[in-house]
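We have chain A; now place chain B with the ligand onto it with these hints.
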Amino acid sequence: MTRLETPSQTVGPFFALALPWAAGAEVVPPGTPGAVRIRGRVLDGAGEPVADALVETWQAGPDGRFDQAGFGGFAQCATGADGGWEILTLKPGPLPAPGGGVEAPHLDVSVLARGLLVRLVTRIYFPDEAGANAADPVLSALDDPAARATLVAVAEGGDLRFDIHLQGDDETVFFEL
Amino acid sequence: MLEDHRRSRGVHPPALFAAYASTRLRAPLRPAVPLPPGLTETTGPRPAAERVLAAAADLTRDGAGEPLGERIVVAGRVVDEDERPVAGTVVEIWQANAAGRYSHPDDRHRAPLDPNFRGVGRCLTGADGGYRFVTIRPGAYPWRNHANAWRPAHIHFSLLGRAFAERLVTQMYFPGDPLLDHDPIAASIPDPAARRRLVATWSPELTEPEWALGYRWDIVLRGGVSTPLHAAEGPG
Ligand SMILES: [Fe+3]
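If you're matching them up, the sequences are chains A and B in order.
Positions in the first sequence are counted from 1; adding 543 to them yields our numbering.
Positions in the second sequence are counted from 1; adding 930 to them yields our numbering.
Okay, chain A solo, but in the shape it has when bound (with noise of 0.2 Å):
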């Protein structure tokens, strides 16, 4: 090493004016087959709605690949007043994990917002992937089935909710890279 890192300091209230972009929650165009809704509030340590946050994804395609043609895999999406936040995506494959094993299907989340001064990092995995989800060596990692439960997305209606709970007795589960 031979430069020391830049410190994080946070995005601030007004971020919206160079991020994001239009069309930036869509990782794929509505109605593309199999695409999936992906929505949650983030909330603070008193249960309100952050409504000046900005969460992003990114994730592999279907076929376990990154960044392929027609298939970007980012996404951001700016909070609004509720604290509500959705993507539109395709579920990604399984991944080898880095210690060997099988990584379930999973999208890696920042959040950013006032008050982060460093980017919050989580992972949204999928309800219908209990087998994968069981075998997947960062949820098994984690003792507690309350703090698991936090980071798998719940079927809704067709599509999927993820609240991201920032501080308290929810508190998400959140990762230091």
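Accuracy of the hints is not assured; some may be wrong.
What the hints assert, rightly or not - Which bits of chain A does chain B cover? Going by a derived footprint, with three or more residues having C-beta under 8 Å, they are: (1) 545–552; (2) 614–621; (3) 635–649; (4) 680–694.
To be verified - So the derived label-pair ranges between C-beta atoms look like this: (5) A:G574 x B:G1018: 38 to 44 Å; (6) A:Q611 x B:P1042: 44 to 50 Å; (7) B:L946 x A:G644: 30 to 36 Å; (8) A:A678 x B:L946: 32 to 38 Å; (9) A:A559 x B:P1042: 17 to 23 Å; (10) B:A1117 x A:W564: 28 to 34 Å; (11) A:D702 x B:G1106: 50 to 56 Å; (12) A:E719 x B:A948: 19 to 25 Å; (13) A:P688 x B:E1000: 54 to 60 Å; (14) A:W564 x B:H1076: 42 to 48 Å; (15) A:P688 x B:G993: 52 to 58 Å; (16) A:A677 x B:P1042: 55 to 61 Å.
Hints listed in this document are in silico derivations from the structure and should not be mistaken for laboratory results.
Positions of the beta carbon are idealized from the N, C-alpha and C atoms, including for glycine.
For chain B with the ligand alone, coordinates are given in the frame of chain A:
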């Protein structure tokens, strides 16, 4: 490499920093769980075509006339910790105008908007990781964190980097700003030397005669976490 993945501890602020009031209800209180970087973390989005097309590295050309304030050049290199250039990555910036006002509807600071300044810029790094913006020196502005609180002049920066693990959002400050030592957001960085890395340097080389002061600011993304996409894509 896996032993390295938390080597940057101490560089970044903690989640909870009570002097910055907005962290109190937003910072997770449980310890973050170490995540050994896998394929999802060591790959990342390529610059989207529309972002590249909309490249706008001169923030003084948004209106019919020139924005008010002190014209400046802000330039530097985006590199990783091994000093390898991060080429072809998008650098996005946003900032207040010379009066300390953002062109954002939620900014209620009683300072004038400038019809010739939006305060949004974007460019792609060159082969050497270099970037360069022409803009206006932003003004300080008040915020409600504590009594008579003022943010030091700053420019917001966002970089996707080469991999999800490299994503960086930060702020660049100006040398000699007396507000810097009183700013809870800057002070949240525990190591004073790391804090100083957010302060640009006035540069005679970047300063253009009869036209603009120049400031140099290099951005160092964490290294050792990016997998070239072709390697992550498997056979074929
Ligand atoms: Fe700001």
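Hint-by-hint comparison with the structure:
1. With 8 residues carrying a beta carbon less than 8 Å from a beta carbon of chain B, the stretch 545–552 of chain A meets the three-residue requirement, and the given coverage holds.
2. Interface restraint, the stretch 614–621 of chain A with chain B: holds (3 residues with C-beta to C-beta distance below 8 Å; minimum three).
3. Taking a C-beta to C-beta cut-off of 8 Å, the stretch 635–649 of chain A contributes 7 residues in contact with chain B, enough for the three needed, and the coverage statement holds.
4. With a cut-off of 8 Å between beta carbons, the stretch 680–694 of chain A has 3 residues touching chain B; three or more are needed, and the interface restraint holds.
5. In this structure, A:G574 and B:G1018 break the distance hint of 38 to 44 Å, their C-beta atoms being roughly 32 Å apart.
6. At roughly 48 Å, the beta-carbon separation of A:Q611 and B:P1042 lies within the given 44 to 50 Å, and the hint holds.
7. For the hinted restraint 30 to 36 Å between B:L946 and A:G644, the CB-CB distance of approximately 34 Å keeps it satisfied.
8. The hint said 32 to 38 Å for the Cβ distance between A:A678 and B:L946, and at roughly 34 Å that hint holds.
9. At about 21 Å, the CB distance of A:A559 to B:P1042 agrees with the hint of 17 to 23 Å.
10. Remark: the range hint 28 to 34 Å for B:A1117 to A:W564 is upheld by a beta-carbon distance near 33 Å.
11. For the pair A:D702 and B:G1106, the beta carbons lie near 52 Å from each other, so the given range of 50 to 56 Å is met.
12. Between A:E719 and B:A948 the Cβ separation comes to about 21 Å, which falls inside the hinted range of 19 to 25 Å.
13. Here the CB-CB span from A:P688 to B:E1000 is close to 58 Å, well matched to the stated 54 to 60 Å.
14. Checking the proposed 42 to 48 Å range against A:W564 and B:H1076 shows it is violated: the Cβ atoms sit about 35 Å from each other.
15. In this structure, A:P688 and B:G993 meet the distance hint of 52 to 58 Å, their C-beta atoms being roughly 57 Å apart.
16. Take A:A677 and B:P1042: their Cβ atoms lie about 60 Å apart, and the range 55 to 61 Å holds.
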